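2 protein chains.
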Amino acid sequence: MSRAYDQLEARFKKASVLGDALSVLQWDMSTMMPDGGAEARAEQLALLKTLAHQAVTGDDMADLLAAAEGESLDDWERANLREMRRDWVHAAAVPADLVDAMAKAESACEMIWRQARPNADFAAVLPSLREILNLTIQAGQAKAQALGVGIYDALLDQYEPDGRSADIDLVFADLESFLPDFIAQALEAQDQRPAPLAPQGPFAIKKQKELGHKVMAALGFDFHRGRQDVSAHPFCGGYPEDVRITTRYNTDDFATALMGVVHESGHALYDFGLPGGKWRYQPVGRARGMQIHESQSLLMEMQACRSRPFLAYAAPLMQDAFGGQGPEWDPENLYRQATRVKRGFIRVDADECTYPAHVIIRYGLEKALIEGRMDLADLPGAWNDGYRRLLGITPPDDRLGCLQDIHWYGGAWGYFPTYTLGAMSAAQLFAAAKQADPAIEPAIGRGDFAPLLAWLRTNVHGLGSSLSTRDLLVKATGKPLDAGVFKAHLTKRYLS
Amino acid sequence: MSRAYDQLEARFKKASVLGDALSVLQWDMSTMMPDGGAEARAEQLALLKTLAHQAVTGDDMADLLAAAEGESLDDWERANLREMRRDWVHAAAVPADLVDAMAKAESACEMIWRQARPNADFAAVLPSLREILNLTIQAGQAKAQALGVGIYDALLDQYEPDGRSADIDLVFADLESFLPDFIAQALEAQDQRPAPLAPQGPFAIKKQKELGHKVMAALGFDFHRGRQDVSAHPFCGGYPEDVRITTRYNTDDFATALMGVVHESGHALYDFGLPGGKWRYQPVGRARGMQIHESQSLLMEMQACRSRPFLAYAAPLMQDAFGGQGPEWDPENLYRQATRVKRGFIRVDADECTYPAHVIIRYGLEKALIEGRMDLADLPGAWNDGYRRLLGITPPDDRLGCLQDIHWYGGAWGYFPTYTLGAMSAAQLFAAAKQADPAIEPAIGRGDFAPLLAWLRTNVHGLGSSLSTRDLLVKATGKPLDAGVFKAHLTKRYLS
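Protein chains in written order, with our numbering: chain A, 47 to 542; chain B, 47 to 542.
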């Protein structure tokens with residue numbers, strides 16, 4: 047008789063292979079699919095999701111998990127079993143009809159939101175968003191009970207396993223007390239320096255793409271196990287043997303796409319480096335969670351590449367690509383461009399100094415909404431209050447306010463904090479890496495990311511989900527998440 | 047209680063949606079996937095195939111089918127039920143371990159064949175091919191028993207439902223007695239005419255692609271429901287809302303790729319025109335079989351487009367695309383190029399006069415091998431005998447002989463005759479279409495395929511699998527498959 051554990055492995059492998067197929071179908075939908083194919087694709091995605099769900103929610107799962115927990119397992123098997131139980135709790139907690147209702151409500155609300163956003167018409171999407179919120183609360187309550195945590199934490203746990211709002215409250219409070227003054231000082235310091243010169247386009251997309259591929263290759267992106275394409279909203283999809291990143295190009299501005307390429311490549315390098323072999327299709331072989339995943343993209347983008355060493359290496363590549371000459375192509379000028387601070391309304395356009403403010407505002411609001419401390423009708427006002435308080439600006443309308451992000455309208459509640467948790471983790475991991483290997487930073491200056499990648503492979507990528515996020519950070523950096531390292535990074539880069 | 051029939055519809059829809067997902071994953075594998083992704087993709091394909099198989103082979107299928115056959119059904123439902131039973135018989139006849147063994151043997155043999163072909167080393171692949179043949183005979187015997195037909199017919203039925211070798215023997219004998227003399231006469235007539243002038247390249251792929259898209263649009267290809275890409279082996283994949291054709295370009299020769307585009311577009315137009323709505327995900331909504339599918343590609347390529355009217359329309363487009371001037375761009379010269387006859391060793395390079403000889407040789411050999419009348423070790427000699435007898439040429443080695451096609455090495459036995467059945471059906475359908483609507487041919491001369499497409503929609507595409515191949519031909523053309531129409535077409539084009 048095979049162990050209960052082995053039976054579980056077979057089921058989770060099935061769910062994982064279905065997940066891989068789903069990721070290809072989703073990539074195709076965003077990059078290749080003709081518009082007429084949307085409905086048929088939705089059928090495919092819905093069916094594969096249902097099958098993946100069924101694979102790990104059989105009636106005998108509770109018994110199998112319990113039996114496996116009594117079996118003799120090695121450390122990784124035990125970690126795998128822990129992640130299996132987490133998956134199962136999330137999958138089984140919510141009744142099938144609620145899952146169905148959510149999927150339908152999410153598609154419907156997303157569709158209305160796509161109209162409402164350009165029209166800055168929050169009222170148009172409010173009823174539909176209210177339904178999403180109600181269903182999310184129902185699902186959150188069911189998961190909260192199964193996990194033995196509060197409702198917000200139950201939702202957060204979907205994206206950041208073991209993430210707890212009590213911990214986030216502490217680090218965010220720390221940041222919140224730091225940010226307003228810091229941003230003001232950073233802007234003041236910036237005003238003291240000469241304004242950076244912007245390289246003038248047009249920048250041919252073909253040239254941008256070639257430059258991006260050079261940089262991807264330098265970072266360690268393996269084109270035998272991945273590719274890069276165009277989509278309206280950049281993302282990283284796929285799986286370790288076939289990682290696919292996407293980029294949005296703008297012929298007036300090459301730097302945004304290039305930094306986007308670096309960002310998504312950071313995600314991709316994590317996926318490339320996940321434990322393979324026996325763990326390839328198991329929960330323990332997956333990336334740890336959104337906090338660490340975002341830390342890998344931000345480590346590459348914000349820590350490693352919006353830096354003097356990287357831009358000294360990249361400036362000649364940029365000049366070559368676009369025939370650039372003159373002071374605007376000087377590495378120091380490019381660095382000032384890449385680290386420009388500006389208070390703005392739109393999260394995805396924000397620099398690393400103001401970005402946490404965008405996230406902290408959303409985190410507070412979604413927690414209040416989920417916990418029933420605020421009514422949805424009050425969201426636009428509360429949103430704008432947050433922007434006044436943390437950034438000193440007032441969105442002129444809801445298009446530039448609470449309608450800008452798809453997350454809530456698409457049913458993703460509890461996701462936002464992972465962006466800033468990721469940014470803080472990135473600072474902490476990069477600092478530890480540089481301390482562990484002083485060759486890392488000079489190598490980046492030569493376009494050689496091998497030393498950095500080696501450290502990340504050992505300390506992050508290759509661990510999969512064997513450790514909790516907290517334990518991973520402690521093991522790699524000597525301490526749990528600490529806003530101080532991130533604040534020190536910001537202070538050094540923007541105030542010194 | 048829902049009808050047994052309705053329960054069956056739900057199961058076949060599931061299999062069909064999985065089939066759609068599979069077709070996207072297969073398209074991606076041939077066009078987009080980095081080489082490192084092969085193993086993971088194989089896992090996905092194997093799992094989805096197994097799930098699709100399971101969806102229509104439950105223990106209660108025999109009872110459900112029997113119950114549904116006693117229910118009150120309309121004509122299309124009844125035709126759907128007939129196709130459901132066919133699917134089930136094919137799926138359930140072969141035990142799971144044999145299906146597994148075949149899949150593994152096929153991958154293994156294909157891999158060896160990829161090495162053996164360039165080396166012209168039949169001996170290297172013989173043991174592996176012998177295993178494939180043995181397993182195919184086992185599966186064929188199981189299906190033959192379930193279907194109540196001979197073993198070859200049971201295999202043929204997988205590709206051409208209700209296809210029977212007794213019927214094929216008759217039409218192929220007719221062709222076989224016609225071809226050797228006809229080919230000699232066609233070559234003689236060709237020698238009497240001035241040799242066509244070949245337009246000189248290089249022909250930029252970008253220009254070839256643009257020209258191809260113009261022609262696709264003229265044919266009626268809907269780019270909102272399909273796309274065109276590059277692959278090593280051209281094919282048409284996808285489903286009615288998202289049909290994907292592929293092309294292989296050669297900068298020395300634009301005509302081959304262009305006619306390839308026309309050919310695959312013929313397949314695509316069939317898929318676009320299949321019955322949608324209630325039948326979209328049902329067996330009766332599928333294309334009728336490989337004979338009619340190939341008839342649609344060959345009708346467009348051989349009948350409609352390797353013709354004077356089409357080339358008179360296309361010549362200026364070609365001249366525009368490549369800056370062509372001079373007598374080689376004259377429509378009559380292009381027509382002589384497009385209808386050039388040449389005895390050759392390679393099937394996929396053959397013209398429409400010699401192509402049937404390639405197929406008749408393979409058909410005779412595969413039937414003898416499947417029915418145990420010939421040993422595999424004798425294949426190379428028998429192959430070469432066939433080429434001497436029907437084409438008067440002897441392949442210098444097995445690379446240009448029995449190693450050239452992937453079919454047998456990949457487990458596709460019983461497929462070859464559908465190419466020539468398709469060519470004959472194409473001639474018969476095009477003749478009937480032109481007779482029914484005399485506007486069809488002049489419209490093609492203006493690049494207007496709407497009249498032809500309208501006739502095909504009504505008489506072929508929109509019927510799905512509601513009629514048998516035979517009944518479809520009788521209804522559309524007034525008679526079952528008749529080699530005479532094809533012979534008349536060849537005689538008119540090549541000897542008059």
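Hints may be right or wrong, so weigh each one.
Identical copies look the same in the list; a pair holds intra-copy or inter-copy alike.
With a cut-off of at most 27 Å between alpha-carbon atoms, the simulated BS3-like pairs for lysine-lysine come out as follows [what the hints assert, rightly or not]:
{"no.": "1", "residue 1": "K150", "residue 2": "K538"}
{"no.": "2", "residue 1": "K95", "residue 2": "K255"}
{"no.": "3", "residue 1": "K388", "residue 2": "K324"}
{"no.": "4", "residue 1": "K150", "residue 2": "K324"}
{"no.": "5", "residue 1": "K60", "residue 2": "K253"}
{"no.": "6", "residue 1": "K150", "residue 2": "K60"}
{"no.": "7", "residue 1": "K59", "residue 2": "K324"}
{"no.": "8", "residue 1": "K533", "residue 2": "K260"}
{"no.": "9", "residue 1": "K388", "residue 2": "K95"}
{"no.": "10", "residue 1": "K324", "residue 2": "K533"}
{"no.": "11", "residue 1": "K521", "residue 2": "K324"}
{"no.": "12", "residue 1": "K525", "residue 2": "K538"}
{"no.": "13", "residue 1": "K521", "residue 2": "K150"}
{"no.": "14", "residue 1": "K538", "residue 2": "K521"}
{"no.": "15", "residue 1": "K533", "residue 2": "K388"}
{"no.": "16", "residue 1": "K95", "residue 2": "K324"}
It should be emphasised that the hints constitute simulated quantities derived from the structure, not laboratory data.
As the structure is a computational prediction, the values presented were derived from the model and not from experiment.
Structure-based check of all given hints:
For the identical chains of this complex, K150 and K538 are neighbours neither inside a copy (48 Å) nor across copies (59 Å), given an alpha-carbon limit of 27 Å. Taking the shortest alpha-carbon separations for K95 and K255, neither the intra-copy value of 34 Å nor the inter-copy value of 37 Å comes in at or below 27 Å. Within a single copy, K388 and K324 get their C-alpha atoms no closer than 47 Å, and across copies no closer than 55 Å, so neither meets the 27 Å cut-off. Taking the shortest alpha-carbon separations for K150 and K324, only the inter-copy value of 21 Å comes in at or below 27 Å, while the best intra-copy value is 37 Å.
Taking the closest pair of Cα atoms, K60 and K253 never come within 27 Å of each other, the shortest separation being 41 Å inside a single copy and 45 Å across copies. For the identical chains of this complex, K150 and K60 are neighbours both inside a copy (25 Å) and across copies (19 Å), given an alpha-carbon limit of 27 Å. Taking the shortest alpha-carbon separations for K59 and K324, only the intra-copy value of 10 Å comes in at or below 27 Å, while the best inter-copy value is 35 Å. For the homomeric pair K533 and K260, neither the shortest alpha-carbon distance inside one copy (32 Å) nor that between copies (58 Å) is at most 27 Å.
For the homomeric pair K388 and K95, neither the shortest alpha-carbon distance inside one copy (41 Å) nor that between copies (53 Å) is at most 27 Å. When the C-alpha separation of K324 and K533 is checked against a cutoff of 27 Å, the pair qualifies neither within a copy, at 40 Å, nor between copies, at 60 Å. Only within a single protomer do K521 and K324 lie at most 27 Å apart by alpha-carbon distance; the minimum there is 23 Å, versus 58 Å between protomers. When the C-alpha separation of K525 and K538 is checked against a cutoff of 27 Å, the pair qualifies only within one copy, where the shortest distance is 21 Å, while the shortest distance between copies is 86 Å.
Within a single copy, K521 and K150 get their C-alpha atoms no closer than 42 Å, and across copies no closer than 44 Å, so neither meets the 27 Å cut-off. In this assembly of identical chains, the alpha carbons of K538 and K521 lie at most 27 Å apart only when taken from the same copy (25 Å versus 82 Å across copies). Only within a single protomer do K533 and K388 lie at most 27 Å apart by alpha-carbon distance; the minimum there is 18 Å, versus 77 Å between protomers. For the identical chains of this complex, K95 and K324 are neighbours both inside a copy (24 Å) and across copies (23 Å), given an alpha-carbon limit of 27 Å.
Of the numbered hints stated above, those contradicted by the structure are hints 1, 2, 3, 5, 8, 9, 10, 13, listed in ascending order.
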